[in-house]
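Make the full structure from the sequences, and use the hints.
Now for the letters of each chain:
Number of protein chains: 2
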Amino acid sequence: MKLKNDPRELAKRLVLAASGQLKADLVIKQARLINVYSGEIIPGTDVAVKYGRIVYVGPNAGHTVGDTTRIIKAQNRFLAPGFIDAHTHLDLYCTPREFVKGFMRHGTTCVFAEPAEFVSVFGYEGMKLFLREVSGLPIKVFSLVPMCSLQDPKLGSSREMSPEEVEEAMGREEVLGLGETVAWNRILNLDADYFRKMDAARSANKRVEGHTAGAHDYKLSALAAAGISSCHEAVQERDVYERLRLGLWTMLRHGGVRNDLAETIPALIKGRLDTRRAILVSDGMDPGVLAREGHMDLLVREAITLGLNPVTAVQMASLNPAEHYRMADYIGGVAPGRWADMVLLNDLRKVKVHTVISNGRPVSVAGRPLAQLKPFSYPARYLTSIKIRDKLSPQRFMVRASGASARVRVIQFVSESITKELVWELPIREGSLLPVPDRDILKAAVIDRHWNTGRLCVGFVKGFGSRLGAVASSVNFDENNLVVIGHREADMAQAANWIRQKQGGIVIVDKGKLLETLPLPLAGTCSLKPASYVGARLNAINQRLRASGSRLERPLNALIFLTFVTLPRIKMTDRGIVDVKKREFLPLFVVDP
Amino acid sequence: MKLKNDPRELAKRLVLAASGQLKADLVIKQARLINVYSGEIIPGTDVAVKYGRIVYVGPNAGHTVGDTTRIIKAQNRFLAPGFIDAHTHLDLYCTPREFVKGFMRHGTTCVFAEPAEFVSVFGYEGMKLFLREVSGLPIKVFSLVPMCSLQDPKLGSSREMSPEEVEEAMGREEVLGLGETVAWNRILNLDADYFRKMDAARSANKRVEGHTAGAHDYKLSALAAAGISSCHEAVQERDVYERLRLGLWTMLRHGGVRNDLAETIPALIKGRLDTRRAILVSDGMDPGVLAREGHMDLLVREAITLGLNPVTAVQMASLNPAEHYRMADYIGGVAPGRWADMVLLNDLRKVKVHTVISNGRPVSVAGRPLAQLKPFSYPARYLTSIKIRDKLSPQRFMVRASGASARVRVIQFVSESITKELVWELPIREGSLLPVPDRDILKAAVIDRHWNTGRLCVGFVKGFGSRLGAVASSVNFDENNLVVIGHREADMAQAANWIRQKQGGIVIVDKGKLLETLPLPLAGTCSLKPASYVGARLNAINQRLRASGSRLERPLNALIFLTFVTLPRIKMTDRGIVDVKKREFLPLFVVDP
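Chains as they are written, first to last, in the working numbering: chain A, -19 to 573; chain B, -19 to 573.
These are computed hints drawn from the structure, not numbers from a lab. Not one of these hints is a red herring.
Identical chains share a label here; the pair holds if one copy fits it or two copies do between them.
Calculated cross-link-like contacts (lysine-lysine; reagent style DSBU-like; alpha-carbon spacing at most 30 Å):
hint, residue 1, residue 2
1, LYS367, LYS509
2, LYS562, LYS3
3, LYS562, LYS400
4, LYS509, LYS332
Next up, the structure:
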């Protein structure tokens, strides 16, 4: 019996199992089924499972119970489909398996992830590494080819996949499309590379995920016409309406990057909108939030708390994403033929996860993991990816200038991710342009760590707020270069050199002392430690930055988004200061005409 | 510019058109858009069209209007997506193009059809004939491979497609799956042929359409587990609930065969069910109803009249079927990137169709057709398909018996399609078993017309009611043999011979006189005449049968369903009387044990 390779044989056996001629492996008795198809809650529902699939759903599965059938008495608990996260990242701060361990406990049985960080560092090799790591896990991980690494070859310098590599990747069953199109202006500009990659996805009948932040009216129509099928950048009411009305699968976010539900869920409710194309996504989880509060259970709970009907909220984390990825024959609901991915909830409105079943097997009960993850070891080359040949001297962080002062462009943080341009007159001492920490004018540097070029750009930022000597990170979207913010060149150099030595990480240095450290040796973006540890370290780092003056909630995000060359309005890479809209570099010095 | 063969080039041009850099071919101004994605009606909506695709939907398409752009002022009419019929037949009574002509006028821009009759008569050749005929029509016709021809090789004798032919057909882009699985008991019995064909469809990522009449609880679960994705046999409230809850796409029917909406729509409303998987289908249109009352506009109207929200009703004839067939990127809604298939309605609740746009071109305005159908001529072999070598004598319709009387099985019509077994003592005269027309016991004969075998079965029916000598038809599901019902052997022979001579048709003969005739030369199932003519003839024939005593609404359906060996409970083919449940032949004579 080669069930795996013989779908016909499997289909026959599922028929026999449904009718009780082959006995079930698992039967759930008397649950209150959250039926995502009919939109009802149906008490007294039995579910029978065989070969990891659901074979019977109805009032009485007695005929499927045999001597070896395992029975789970639901005792009137709510039974939901396993939760799906339709857009996440598993290669940021923690390893994919550490995220998966956390997800499992919180009822998530399937995620769609794009390894943007791995690809930014290793190119196609990073994609393959990711696919190897996530295969054979206790829950399903489907992948998308990142389109944000490289966001824009004109401006950034990280690695990317070639069109040929994208075409090859689309041939893999577990790759379901092209990841978020952050650089949507390249689509409007008819970028040949972009269209070739989109074509590869659509020719393979796979998805092109949108990221259409700030696009409206005819621009949004143009992106939809080009074949973009979704967007997870609806951050306010108007965005939700516009995207749903154009037939885009509208992903509402609450997670590591932003929490938008307080704006977006009320829009759904107020407009009495059809929610079938609304989807809850994390867009990557903060490890600390994951450890403390949960994953998709948290998102569903948030949506319910904001007033959404609980069944609707569950649909937005199960059937809707399954439909979007055209996977609803296999996942997203409790119905015959689907994989037996299910969650028993103690409480519906609080979304209290009790038992999590994946592929027909309980993987977690009351927060205790039951499934072991096969160990995975990373070849050394993935742990030594910071390519900076020479140690950095403090001098490298100086900007040469003459005279007593000069007017320069300053990147002002409007929020953690959005900036605007400011012009500021900075003092010059001993031929070097100085920051003004008293006025919160700090230095920022971005250093190439991919190509061993020694390339480094120094500029100035305002709004970061910390008075410490330097904070540095090898995590930033989607460049993952070395970003350093600070006001003492010696501290900045020490911070950068610490990351160089540790082959990745986040560090705070003040007056020559390491105040906080978090090594991220895998790709320079991931710790090998558990999510709870990493979450605690990130909290401590953010806390330290706030305590030293930053008014940002998560100051680290300012470093992360500094290189994000497709969000407004002025950003910075190792190659220079970037005017996002014009897709051009700007000189540091402002010379009046 | 080879747009057709270069999707990348097309996508680029759609982007330019959306942003007004290429001017639109067509712009609809100021419509009240029925937005099937968001579930809203949005006044003041403009839609721009280029290359047959929608490129812009929003408040103002002014930027897309150029010198040669055609403008349609909607004048506040409602704009709906073109209607989709997700399950129909185009090879019954009229030719495919005659149906398409009628559909176009009524707002239908896409149908999913399975040429069950052509295949029953010509096998794979019939499928290919159908695909040739429906290619290049002004509206979209997608095809399914019939699974009902042959319903059951154990019982019937029409042609079918081999598994190899099904596999080949699944490779065609315009073939979207396997047609209705009327013989669902064969699935429960693990019929190898059935599973191989289902496997061919699923391997090609295509649909297996259900026909699960009468299946409940674990049998329905088993069919869903086997990969059945839909059912159009929900005829009462319970059926609707059961099917939707199991995740089946539940097709609610109103058309040539049955009108179920009065039972099924109230079930949807009463249960406040999620309707995303509910779909309106005709299951084949009666040509007369099509000519007089319409097609999907009629179904949407019926659903609204029965209390359904109009936007929901439109979704059930547009987005929902598009989602079911995984075609929603291309059809089913008014959104950028989709084919410009749209309907302007003068009135929403009455679903009064004004302008019909298909592939970006108006094909009908106020009932007047604007699009011409390319002529199509059938090779002679498709017009000469009645394979009965010898004329039939009255003697062939006699049943030999000895004694004064004999107890025989009688097929009693409970409805036009459902029968039950009756035992009746029939008189014998001159060695021949006699009908008892005074008690409405008539003779029925089924004659092989596919294989030139001369095979013929004679039995008895009750409940038909007509007192005329004979009525005969070469249309019957899905055998399309010669079926004759009557009480005078000479009239029965004359009727059969008329069909033999005309190479197909329906005829009423009484005392040697032809009372009604309708030649159906194409495959023996289709007239070459317009739908209005054929509809009028069918009405006249049914009317004549009613006038002569039949209490059935459409007595012809009793002939049509006599050979339908998968509906309860006792049927008849050229090979014998059939016990449907047991899948066995029954002797005519009842011998007490």
